[in-house]
Amino acid sequence: MIGYHLVRLAKFSGRETRAQFWPYAAVVAGIAMVCGFAMAMPMVLASMAKMRQFALEHPEQATISSGPGRYEIEIQGYHPELMPDIAPFLTAMEGVMALLIVLTAAAVVRRLHDTGLSGAWGLLPLPFLFFGFARMPVLFADPAFDTRLFGLLFLNNFCYLGALGVLVLLLARSGKTEENRYGPVPQS
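Sequential numbering from 11 applies to the sequence shown in my numbering.
FYI, nobody ran anything at the bench for these hints, they're computed from the structure.
Treat each hint with caution, since some may be false.
Distance ranges between label pairs, derived from CB positions [as the list claims (entries may be wrong)]:
1) Cys169 - Arg62: 34 to 42 Å
2) Leu133 - Trp32: 16 to 24 Å
3) Ala151 - Leu174: 21 to 29 Å
Glycine included, every Cβ here is placed at the ideal spot set by N, Cα and C.
Given these sequences and hints, build the entire structure.
Printed below as a string of structure tokens:
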């Protein structure tokens, strides 16, 4: 199934069944999640190490507690130097999302064609995704927390998830059982 889709990365015409689309989409989404996790973990672990070191050097400002299945560091005051630099992570995630889009775009269009819909429906979540990636670095770069921008990004993320949900529902629809304007019924 992977090879079938890789040779059709630029084929935005025709139709594709649910049985052809969903296993591929699941593999690509799974790989994207694993990549995101792999990129985030070093950043999180480095930040935790900084916090632990700070707590050990400043016991009057910090408390470390642990127990079965938990490890907590509580730090008093404002210490932005302990927070990770989120910019490289966001850049890497933009790359992962761009790769995800490239790998699934044609398959999404063919799947939508099978349901009788235009491939343009596949663009539904993209404006929200692009806006979020464009504004997120601004939020993290500002030392004074901008609550309005945070609220706008929260609303944008809600809209993105809603648009993505609508797209998933459209992709999950049954294909047309007869030839439509996008071609004949695909072979399973």
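Consistency of the hints with the structure:
1. Evaluation of the 34 to 42 Å hint for Cys169 and Arg62 yields a pass: the beta carbon distance comes to about 38 Å.
2. For Leu133 paired with Trp32, a C-beta distance near 20 Å keeps the hint of 16 to 24 Å intact.
3. Between Ala151 and Leu174 the Cβ separation comes to about 26 Å, which falls inside the hinted range of 21 to 29 Å.
The structure agrees with every numbered hint stated previously.
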